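Letter by letter, the chains look like this.
2 protein chains.
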Amino acid sequence: MMTFTNIRTLREQLKETRFTAATKGKQIKIALVPTMGFLHEGHASLLRKARAENDLVVLSIFVNPIQFGPNEDFERYPRDPEKDLALAEREGVDFVFLPSVEEMYPQPTRTGIKVADLTDVLCGASRPGHFDGVTTVVGKLLHIVQPDRAYFGQKDAQQVAVIAQMVLDLNFDVEIVPCPIVREADGLALSSRNVYLSAEERQAALVLSRSLLAAQAKADTVANVTAGEVLAELRDSIGAEPLAVIDYVEIAEFPGLAPVAGGDRIDVSERRSDVLIAVAVKFGNTRLIDNVILTKKVND
Amino acid sequence: MMTFTNIRTLREQLKETRFTAATKGKQIKIALVPTMGFLHEGHASLLRKARAENDLVVLSIFVNPIQFGPNEDFERYPRDPEKDLALAEREGVDFVFLPSVEEMYPQPTRTGIKVADLTDVLCGASRPGHFDGVTTVVGKLLHIVQPDRAYFGQKDAQQVAVIAQMVLDLNFDVEIVPCPIVREADGLALSSRNVYLSAEERQAALVLSRSLLAAQAKADTVANVTAGEVLAELRDSIGAEPLAVIDYVEIAEFPGLAPVAGGDRIDVSERRSDVLIAVAVKFGNTRLIDNVILTKKVND
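Residue numbers (UniProt numbering), protein chains in the order written: chain A, 1 to 300; chain B, 1 to 300.
Hints listed in this document are in silico derivations from the structure and should not be mistaken for laboratory results.
Errors might be hidden in some of the hints.
[To be verified] Subject to a maximum C-alpha distance of 27 Å in a straight line, what follows is the list of computed DSSO-like cross-link-like pairs (lysine-lysine):
1. B:K155 to A:K24
2. A:K24 to B:K24
3. B:K114 to A:K114
4. A:K26 to B:K26
5. B:K15 to A:K29
6. A:K29 to B:K24
7. B:K15 to A:K26
8. A:K49 to B:K83
9. B:K218 to B:K114
Just so you know, these numbers come straight off a predicted model, no measurement behind them.
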C-alpha cells in the first residue's frame with residue numbers, strides 16, 4: 001500500500017501504473033472510494049466491493065472544509081489517520097490519498113460545481129451550501145484520480161443522487177456505484193459521527209432504524225397504503241422518543257428526489273420509481289441521518 | 001479524419017487509440033480545440049499549434065445554447081459544417097466532434113460549473129450567465145475528450161482567464177494553451193461574428209484594433225503613463241467613430257482580472273502583472289470584442 005499527500009505524485013503514479021499495464025496489453029480498472037476518514041465497517045464494505053470489482057483501489061481521506069457550514073462540526077469532526085491506514089491495509093487498498101487542506105485548496109476555490117433542484121430538499125434545506133461543497137470536492141477528486149468507478153454509501157442517499165446527477169450532466173467518465181447501508185447488530189446505521197453520542201443518546205437513536213424498517217415493512221405489505229400514512233406513523237414513532245429532535249422526515253422519489261404527495265400510494269404494486277424514506281434527527285448536538293429505499297415495481 | 005456525433009463512440013475511439021499506442025510503448029498526447037464552428041484563420045492557427053504539439057488533434061464544433069442569453073444570437077449564429085470539415089481536413093485534424101444539442105443536453109442540465117469573481121467583470125457584466133455556460137460546456141468537453149492540452153484564442157481573453165481558473169481550482173488534468181489573436185491585414189480581429197457586419201460597419205470596426213494598438217504603444221513607450229490616461233485616450237478614440245457604441249473599455253490585471261486603478265502606472269517599468277486592455281463595442285446589432293495584453297516587466 002502506498003500513501004500520497006501530494007496531488008501531482010499520486011497522479012503520476014496512477015498514470016505510470018495505467019500505462020505500464022497497457023504496455024502489457026491490460027486495460028486496468030481503477031476504483032475510487034472517497035471518504036472523510038474515521039473509517040468504520042460501512043467504509044470497509046465499500047473498499048471490499050471496490051477491491052472485488054477493480055484492479056487498483058484508491059482510498060481518499062479528506063475532511064472537506066467547504067462542505068461544512070459555519071456552525072457545523074468541521075473542527076471537531078473525528079479523525080484517526082493511523083487507524084484508517086490500518087483498516088485500508090487490511091482491506092487491500094493500493095493507494096491512500098491523504099491530502100492537507102492546503103494541498104486541496106492552495107487558494108480559496110473560486111470555482112464551484114452546483115447541482116440544482118436535488119440540493120434544495122432534505123439535507124440540502126437544512127445545510128445550505130453543503131452539497132455544493134460535496135460536488136466541488138468530488139469533482140476535484142475525480143479529476144485527480146480519474147477512476148473508472150467511484151463508490152458511495154447509500155446512507156447519504158441524497159449525496160448519491162446528487163453525484164449521479166453531476167456525473168450524468170457533466171459527462172464525467174466514471175461509474176457511480178452506490179453501496180447498501182451497513183448497520184450495527186442493533187440496527188444503528190454506521191456513521192463516523194456516532195462517536196459523538198452519549199450512551200443514552202445512542203440507545204435513543206435506535207428509534208431511527210426501528211421506525212424506518214417498520215415504515216418499509218408497511219409500504220411493502222399493506223395494500224393501498226399512501227405516503228401520508230407511512231409518514232405520519234414514522235413521525236409519530238420518532239417523535240415519541242424524548243431525546244429525538246426531528247430535522248426532517250420525508251418521502252421522495254429516488255433518485256430524482258421530487259417529493260411524493262401525501263395522497264400518493266406507495267405500496268409496491270403502485271410504485272413507478274424507487275422511493276426514498278429519509279430522516280434527519282438530532283440527538284443532543286449530534287445530527288444523524290438514515291433512510292430506506294423502496295424499490296419500484298418491476299415492469300411487467 | 002473521422003467525424004463523430006455521438007459521445008460514447010468518440011470516447012471509445014479515443015480510449016482505443018490511446019490504449020493501442022500504449023501497448024506499443026507510446027504515451028500519446030491528445031489536443032482538444034473547442035469551437036463553435038464557422039471556422040476562420042484564427043481557429044486554423046489553434047489547429048496548427050495543436051497539430052504541431054500533439055499526436056492526436058480533436059476539433060469540437062458545438063454552438064452551445066446555454067452560453068447565450070435570451071436576447072442574444074444563438075439562433076442566427078453562423079453555421080457552415082461543410083466548410084468547417086474542409087478546413088479541419090486541410091489542417092490535419094484527426095477527430096471532429098459535431099454533437100447535436102440533444103446529444104450534449106439530453107435533458108436540461110441541472111449541474112453547472114461556475115467561476116466566481118472573474119465572471120462578474122468585462123463581458124460577464126454585460127452577459128450574465130454567459131461564462132457559466134462556457135465553463136459548464138468546456139467541463140463537459142474536457143470530460144468527453146480527456147485531452148492533455150486544450151487550445152483557446154486570446155481574443156476571448158476573459159474566457160481564457162476563466163477557464164484557466166476553473167482548471168486550476170477543479171484539478172482538471174489538462175494544460176490550457178492560449179493562442180494569439182489573428183487579425184485581417186487591416187487589423188480587424190477575426191471573429192465568426194464579423195460576417196454580421198455591413199461594409200460600412202466593418203470599416204468602422206477598424207477603430208478597435210487601431211485604438212488598442214495605439215494604447216499598447218503608449219503604455220509601452222511613454223514613461224509614467226497611467227491606466228487612466230491610456231483609458232481616456234482609448235475611449236475618446238473609439239467614441240469618435242460614429243457607428244461605435246461602447247459596451248465597455250477597461251484595463252484589468254491578467255489573468256486575475258482585478259481592475260487597475262486609474263492612477264496606477266502601467267508603463268513597462270512598473271508592471272507587476274500582465275495587463276489586459278479590453279473592449280466590447282457594438283456596430284449596429286453586432287457586438288465585437290478585442291484586446292491587447294501588455295506583458296509584465298521581466299523580473300530582475
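*K49 of chain A and K83 of chain B: Cα distance at most 27 Å?*
The given pair, whose Cα atoms are some 51 Å apart, is violated under the 27 Å limit.
_Pairwise hint evaluation, K26 of chain A against K15 of chain B, where the allowed Cα distance is 27 Å at most_ = With a Cα-Cα distance of about 13 Å, the restraint between K15 of chain B and K26 of chain A holds, given a limit of 27 Å.
*Would the pair K218 of chain B and K114 of chain B pass a check requiring their Cα atoms to be no farther apart than 27 Å?*
violated, 36 Å
*Are the Cα atoms of K24 of chain A and K24 of chain B separated by 27 Å or less?*
holds, 9 Å
*Going straight from one Cα to the other, do K114 of chain B and K114 of chain A come out at no more than 27 Å?*
Holds - the C-alpha atoms of K114 of chain A and K114 of chain B are around 8 Å apart, at most 27 Å.
_K15 of chain B and K29 of chain A were given as a pair; does the straight-line alpha-carbon distance stay at or below 27 Å?_
holds, 13 Å
*Hinted pair K29 of chain A and K24 of chain B, Cα distance within 27 Å*: holds, 20 Å
_Against the 27 Å threshold, does the CA-CA distance of K155 of chain B and K24 of chain A hold or violate the hint?_
Violated, at roughly 44 Å.
*asked:* Tell me if the straight-line CA distance from K26 of chain A to K26 of chain B falls inside 27 Å.
replied: holds, 14 Å
In summary, the structure is inconsistent with hints 1, 8 and 9 from the numbered list given earlier, while agreeing with the others.
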